[in-house]
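Those protein sequences? They're chains A and B, same order as listed.
Each residue of the first sequence is one higher than the one before, counting from 1 in the working numbering.
Each residue of the second sequence is one higher than the one before, counting from 369 in the working numbering.
Heads up, a few of these hints could be off.
Claimed, not checked - To give an idea of the interface, some chain A residues facing chain B are shown, with a C-beta separation under 10 Å as derived from the structure:
hint, residue
1, L47
2, K48
3, L86
4, R120
5, K124
6, R138
7, F156
8, K172
9, A174
10, V187
Read the hints as simulated data drawn from the structure, not as lab findings.
Cβ coordinates follow ideal geometry from the N, Cα and C atoms, glycine included.
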Amino acid sequence: MNANDEKKQVIIRNIEYLLTSSPYAENDTAASDLFSDTISELFSYHLKSSELYRNIIQGLSGSQITTTPETLADLPFLPVNLFKELDLKSSPTDQIVKTMTSSGTSGQVSKIYLDKDTARYQGKVLNSIVSSFIGNKRIPLLVIDSEKTVKDRNYFSARTAAIQGFSLFGKKPAFALNDDFTLNEAVVRDFFEQYSSGPYFVFGFTALVYFNFLHILKERNLSFKSNQGTLIHGGGWKKLQDQAVSNEQFKAFTQDTTGIQKVHNYYGMVEQTGSIFFECEEGHLHCSKYSDVYIRRADFSLCEPGEAGLIQVLSLLPLSYPGFNLLTEDMGEITSMDNCPCGRSGKTFKVHGRAKRAAIRGCSDVQY
Amino acid sequence: MSTSDKYIDAFVEAFELEDRKEAEVLEYQSIENWDSVGHMTLISELEDAFDISMETDDIVEFSSFLVGKEILKKYDIAV
Numbered sequence: 001m002n003a004n005d006e007k008k009q010v011i012i013r014n015i016e017y018l019l020t021s022s023p024y025a026e027n028d029t030a031a032s033d034l035f036s037d038t039i040s041e042l043f044s045y046h047l048k049s050s051e052l053y054r055n056i057i058q059g060l061s062g063s064q065i066t067t068t069p070e071t072l073a074d075l076p077f078l079p080v081n082l083f084k085e086l087d088l089k090s091s092p093t094d095q096i097v098k099t100m101t102s103s104g105t106s107g108q109v110s111k112i113y114l115d116k117d118t119a120r121y122q123g124k125v126l127n128s129i130v131s132s133f134i135g136n137k138r139i140p141l142l143v144i145d146s147e148k149t150v151k152d153r154n155y156f157s158a159r160t161a162a163i164q165g166f167s168l169f170g171k172k173p174a175f176a177l178n179d180d181f182t183l184n185e186a187v188v189r190d191f192f193e194q195y196s197s198g199p200y201f202v203f204g205f206t207a208l209v210y211f212n213f214l215h216i217l218k219e220r221n222l223s224f225k226s227n228q229g230t231l232i233h234g235g236g237w238k239k240l241q242d243q244a245v246s247n248e249q250f251k252a253f254t255q256d257t258t259g260i261q262k263v264h265n266y267y268g269m270v271e272q273t274g275s276i277f278f279e280c281e282e283g284h285l286h287c288s289k290y291s292d293v294y295i296r297r298a299d300f301s302l303c304e305p306g307e308a309g310l311i312q313v314l315s316l317l318p319l320s321y322p323g324f325n326l327l328t329e330d331m332g333e334i335t336s337m338d339n340c341p342c343g344r345s346g347k348t349f350k351v352h353g354r355a356k357r358a359a360i361r362g363c364s365d366v367q368y
Numbered sequence: 369m370s371t372s373d374k375y376i377d378a379f380v381e382a383f384e385l386e387d388r389k390e391a392e393v394l395e396y397q398s399i400e401n402w403d404s405v406g407h408m409t410l411i412s413e414l415e416d417a418f419d420i421s422m423e424t425d426d427i428v429e430f431s432s433f434l435v436g437k438e439i440l441k442k443y444d445i446a447v
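Whole structure, please, built from the sequences with the hints as guidance.
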């Protein structure tokens, strides 16, 4: 084993260690130290493993790359868009078992290369985070999508990954949408008839849940009255934003049409699958022990809590590609540093939505 | 049918194996069909075959034919 393989093993051991306890351990300074150490390890691991990454970082940092900066916030980050333009990977091609693509609307897609270990820890961490909210027993699952989204192995999109990931919590998932994404009313009626008296959950991408499920139920005057369920949704608010639908309105609409009171949004991206930011009962998105968030101004200085800026996301999971420290194109703000009323530790934040194009161009100019 | 046959059958069905002997050496992602999609198919096959309901922690730990045998012991199934 060479020094760099050893580094990878250290990173994996650290993740394994974190997996032995809750993903939101209270006041766990040991866990946050381990997070910082592991991010630094990831940084030097990827510098050694990917020449392309090294060249980019060299370009960003000038002559001297510091692998041990004073704070994590000082480490260089990549604009998330870079995965659309470049084939960034840190594992040899023969170890890549899966390529995930983003379901971007702009035409260009991100390509994320996964090796066995990365795929495995994505699943484990997702399980740790989600089961801390809904338990580790599998319950009936209604997927607000078409079955064809998961059937095609050759097209592995962010939606496929998310549905696959969440299928872990559902027995024999039922798919609420037909292949043309219209509502399959029979499936939905059957599902609620059979399962609405016990715990169940509904999962889907935010826009599909809103437009292709809740809206259609309302249009057809269908409503269910079952408060035993949990709705989990993610994938972005862009389409809902255009119609000025807030998170609160989304929740109220869900309750009106289905009776479901427990609604959790999550923030995540194909570039950091697994370590998703889950919304707690108080409506805040939480960093877990596997992730962190910074908010930056247009000049890349750090925002104060409550101040809106570009969201930067950190994750311990990207091993086979250098995606552990990324500047997104989304705007948001920190809502609390470590004192969310829900009791979970860690930073919480809010996502405002996509940044205006101009802001991102600004970043790119400086970054390249 | 023996427990062991049922166990192998689940792999044969889930991954469309041509030869039963292939099953014993399999690991997650070692063949194309055992990807995340295939994984959930395998779990469903096992749950049906043994009439059990697996916990999510066990499903993510189920990383190979051999590891799976150990995990099933938790459900009182000796393969």
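Against the structure, the hints:
1. L47: With a minimum Cβ separation of about 26 Å from chain B (threshold 10 Å), the hint on L47 (chain A) is violated.
2. K48: violated, 24 Å
3. L86: violated, 25 Å
4. R120: Because about 7 Å separates R120 (chain A) from the closest Cβ in chain B, which is inside the 10 Å limit, the hint holds.
5. K124: holds, 5 Å
6. R138: Cβ of R138 (chain A) sits 6 Å from chain B, so the hint holds.
7. F156: F156 (chain A) check passes; min Cβ-Cβ to chain B is 8 Å, inside 10 Å.
8. K172: This hint holds: K172 (chain A) lies near chain B, its Cβ roughly 7 Å from the closest one there, short of 10 Å.
9. A174: violated, 13 Å
10. V187: violated, 18 Å
When each numbered hint is compared with the structure, violations occur for hints 1, 2, 3, 9 and 10.
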